[in-house]
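Starting from the structure of chain V, add chain Y where the hints point.
Protein chains in written order, with the numbering used here: chain V, 1 to 252; chain Y, 1 to 362.
What the hints contain is simulated information worked out from the structure, not anything from laboratory work. Glycine included, every Cβ here is placed at the ideal spot set by N, Cα and C. Any given hint could turn out to be false.
Said to hold, decoys possible - Here's a subset of chain Y near chain V, in silico, CB distances under 8 Å, partners left out:
| hint | residue |
| --- | --- |
| 1 | Ser-220 |
| 2 | Ala-228 |
| 3 | Arg-313 |
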Amino acid sequence: MNLLEVIGVSKRFGGVQAVKEVSFRVRKGAVKAVIGPNGAGKTTLFDLLSGFRVPDEGTVRFKGREIHGQAPHQVAAHGISRTFQNLKLFGHMTALENVMVGRHVRSRAGMLAGMLSSPASRREEREIEERARAEMRFLGVEPLSLSPAGSLAYGQQRAVELARALCAEPELLLLDEPAAGLNMRETSELAEQVLRIRDRGVTVLLVEHDMSLVMRISDEVAVLCFGQKIADADPRSVQRNPEVVRVYLGDD
Amino acid sequence: MTRPGLPAPARVALLAVAVVAVQLATQASGRGFYLTQLTMTGYYALVVLGLSLLMGYAGQISLGQAGFFAIGGYAAAFLSTIDVSAQRALPAFALATRMGLLVARPDLYGGTTLGVNPWAGLVLGVGLASGVAFAVGVPVLRLRGHYLAMATLAFGTIVSAVAVGTQRLGAADGISGVPPFPILPGVRIGGGSADRVANYYLAWGLVALAMLLLGNLVRSRTGRALRAIHGAEDAARAMGVDAARMKVRVFVLAAAMAAAAGVLLTHYVGGIGPSEASVMKSVRYVAMVAVGGMGSLWGALSAAAVLEFLSLRGVFGAHDDAVFGGILVLVMLFAPDGILSFRARGIVEKLRGRPARPGEGT
Numbered sequence: 001m002n003l004l005e006v007i008g009v010s011k012r013f014g015g016v017q018a019v020k021e022v023s024f025r026v027r028k029g030a031v032k033a034v035i036g037p038n039g040a041g042k043t044t045l046f047d048l049l050s051g052f053r054v055p056d057e058g059t060v061r062f063k064g065r066e067i068h069g070q071a072p073h074q075v076a077a078h079g080i081s082r083t084f085q086n087l088k089l090f091g092h093m094t095a096l097e098n099v100m101v102g103r104h105v106r107s108r109a110g111m112l113a114g115m116l117s118s119p120a121s122r123r124e125e126r127e128i129e130e131r132a133r134a135e136m137r138f139l140g141v142e143p144l145s146l147s148p149a150g151s152l153a154y155g156q157q158r159a160v161e162l163a164r165a166l167c168a169e170p171e172l173l174l175l176d177e178p179a180a181g182l183n184m185r186e187t188s189e190l191a192e193q194v195l196r197i198r199d200r201g202v203t204v205l206l207v208e209h210d211m212s213l214v215m216r217i218s219d220e221v222a223v224l225c226f227g228q229k230i231a232d233a234d235p236r237s238v239q240r241n242p243e244v245v246r247v248y249l250g251d252d
Numbered sequence: 001m002t003r004p005g006l007p008a009p010a011r012v013a014l015l016a017v018a019v020v021a022v023q024l025a026t027q028a029s030g031r032g033f034y035l036t037q038l039t040m041t042g043y044y045a046l047v048v049l050g051l052s053l054l055m056g057y058a059g060q061i062s063l064g065q066a067g068f069f070a071i072g073g074y075a076a077a078f079l080s081t082i083d084v085s086a087q088r089a090l091p092a093f094a095l096a097t098r099m100g101l102l103v104a105r106p107d108l109y110g111g112t113t114l115g116v117n118p119w120a121g122l123v124l125g126v127g128l129a130s131g132v133a134f135a136v137g138v139p140v141l142r143l144r145g146h147y148l149a150m151a152t153l154a155f156g157t158i159v160s161a162v163a164v165g166t167q168r169l170g171a172a173d174g175i176s177g178v179p180p181f182p183i184l185p186g187v188r189i190g191g192g193s194a195d196r197v198a199n200y201y202l203a204w205g206l207v208a209l210a211m212l213l214l215g216n217l218v219r220s221r222t223g224r225a226l227r228a229i230h231g232a233e234d235a236a237r238a239m240g241v242d243a244a245r246m247k248v249r250v251f252v253l254a255a256a257m258a259a260a261a262g263v264l265l266t267h268y269v270g271g272i273g274p275s276e277a278s279v280m281k282s283v284r285y286v287a288m289v290a291v292g293g294m295g296s297l298w299g300a301l302s303a304a305a306v307l308e309f310l311s312l313r314g315v316f317g318a319h320d321d322a323v324f325g326g327i328l329v330l331v332m333l334f335a336p337d338g339i340l341s342f343r344a345r346g347i348v349e350k351l352r353g354r355p356a357r358p359g360e361g362t
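Bound conformation, chain V alone (with noise of 0.2 Å):
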C-alpha cells in the first residue's frame, strides 16, 4: 500500500525550476531515499511535503488524502513529522522539553485548562513527559534531558530533533539530510536507528548526500536532478543506472 503519493508536482522561484513534474510513491513499512547533487531540489521537495510550500502543480496525497496546500501544523495533525537539514532545535529550552513539543500534535490542553492547571491537563502532562523520555531513552539520550538543547554536541541535538519528530508518533517521518555533519562513527549509529525506527511500523522518507548510508538502509531510492527525477528503484539498480552513474561521476 502507497502511505504517500506525490504526482507531477512542480515548483518554480523566479526563473529557476526547483521541482519539475516530480512523481514517486513511498509504500507504507518502506525506508526511501532521495539523492542527487547539491541544488537538485530535494529540500524544496521536502518543504513541499510538509506544507511549508505550496506546489505550483500536483498532488501530493498522504493516505489517500490530498495534504499539498495545507498548512505545516496541519500536515503534522496527518501523521506526518519531519526534521531540519540544519537542525531547528529550541536552544532555550531543555532537551526534553523539546521533545516535550513534539507531543503538541498527539495532546490537546488549551490556554484555560493549561491556567488552570486542571486534572486532565495535569495528567496528559505526565502522559507527554513519560512518551517524550521513552523516546530519549530509544536514541540513547536520555541522561541528557535537564540539559538546554542548545548546549549539546551536534550529533547529541541530532538525536533530540529525531526524538522529537518521533514523539509525534507519525506513520511518516521526513529525515531532511539527517547525516549532514555526522562523523562515521554516527552515521552507522543513525543507520541503526532510522532501520530501528523502520521496525516500529514507522514510514521514513529521507533526503541524503551520504551515498553509503542511503545503500545501507533504503529500500528503494529516488534520484532527482535539476529539479527532475531521473531514477527510481532499488539500491542497486540505482548505482548501476548509467545516467545516475553520469550525474554523480560527471560523464566521459
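Here is chain Y on its own, set in the frame of chain V:
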C-alpha cells in the same frame, strides 16, 4: 515537572506573605498613604505581566500596550460618567435599569444621574480591547521583529491621538469624576482613604491570581508551544503548533489584561487622561519586562513593583520618561536577558562553566 525550583502555588504563597508584610510595615511606620501608589503599582503590574507573556514567552514585541490599557480605562470612564437620566422613561433604558445595567447615583448638586454599571463597563472595556487586539493582531502578528514593533507602535499612536482629539473623551483633559466601582460586598474600587487597605489587597490579590494562572500556563502544553515559537517557529509549526493562532491568542490575552487594569485603575484614581495612552507608557511597560528578564514572569513582576512604585512616588522627578527610556537602552545593550536573570544566570554559568539553563526563572 521538568523544571526545578519552587512550584507555582508555593511562589504565589510567598508573594501573598510579602503583600501582607508590606501592608503591615506601612501601617506600623505610619506611611499608610504609600498604599495608594502600591495599589496603582499592582494594576500596572498586571499590564506588565500580560506583556511578559507576550514578549518573554511568545517572543512577540508590543509597543501598543498603553493603547489597550487606555481602551479599557476610557471605556470605563466614559460609560460610568455619562448621564442618561433624561432618557430614563424610554422602555429600553427602563429595562436596562431594571436589569442593573444602568445605576443611579447622587450628583454634586443633589440630583441623581443615571450611568452605566461599572461591571458592564468592565465587560465592555475588556471586550472592546480584546476585539481590537484580535482585529489588529491577525494582520500585524504576521510581521516580525522591527516590523511588529513599528506596527504596534503605530496602533498605540492612533489610540493616543484619538484620545487627545475626541471631545467626548475629554480631549487633552481626559475624563474625571469616575465613580467608585463596588466590586465586592464592602469593597469599592475608589480613592477614598477608608477603602485604601481593601483596595491594596484587591489589586495585589489580582496580581497573585494572575501570577498563579500565568505561572501554570507557562508550564503547560501551551506555554511550551509559545516558547517553541519563540525558539524556532518553523520547527514549532512542523510539530503541529498553529503558530499564527497561538500568537493572536496571547496578544488578545495580554490586551485583555491591560484593559482590565485600565478599567480598575481608572475607577481607583477617579479618572483617566491621554497620558495613559501615550507611547512613552508603552515603552515603560516594555522596559519593565526587559529589566525583569525575557521569559521570567517573576522578574517582570519584581521590576514592575519596584520601578513603578518609585516612579509613582516621584523619585525620578521630571526625568521619569527619560529614566525608563534610558533603562531600556541600557538593558538592551548590556543585559538583553534582563538584569534580574542576568546576575543569577551569570553566576550559575561561571560555576558550571557552560551556559545556564534559560527559562528556569519563571
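Evaluation of the provided hints:
1. Ser-220: Holds, because the Cβ-Cβ distance from Ser-220 of chain Y to chain V comes to roughly 3 Å (cut-off 8 Å).
2. Ala-228: 5 Å, holds
3. Arg-313: Constraint on Arg-313 of chain Y not satisfied, violated at 33 Å.
In this structure, the one hint that does not hold is number 3.
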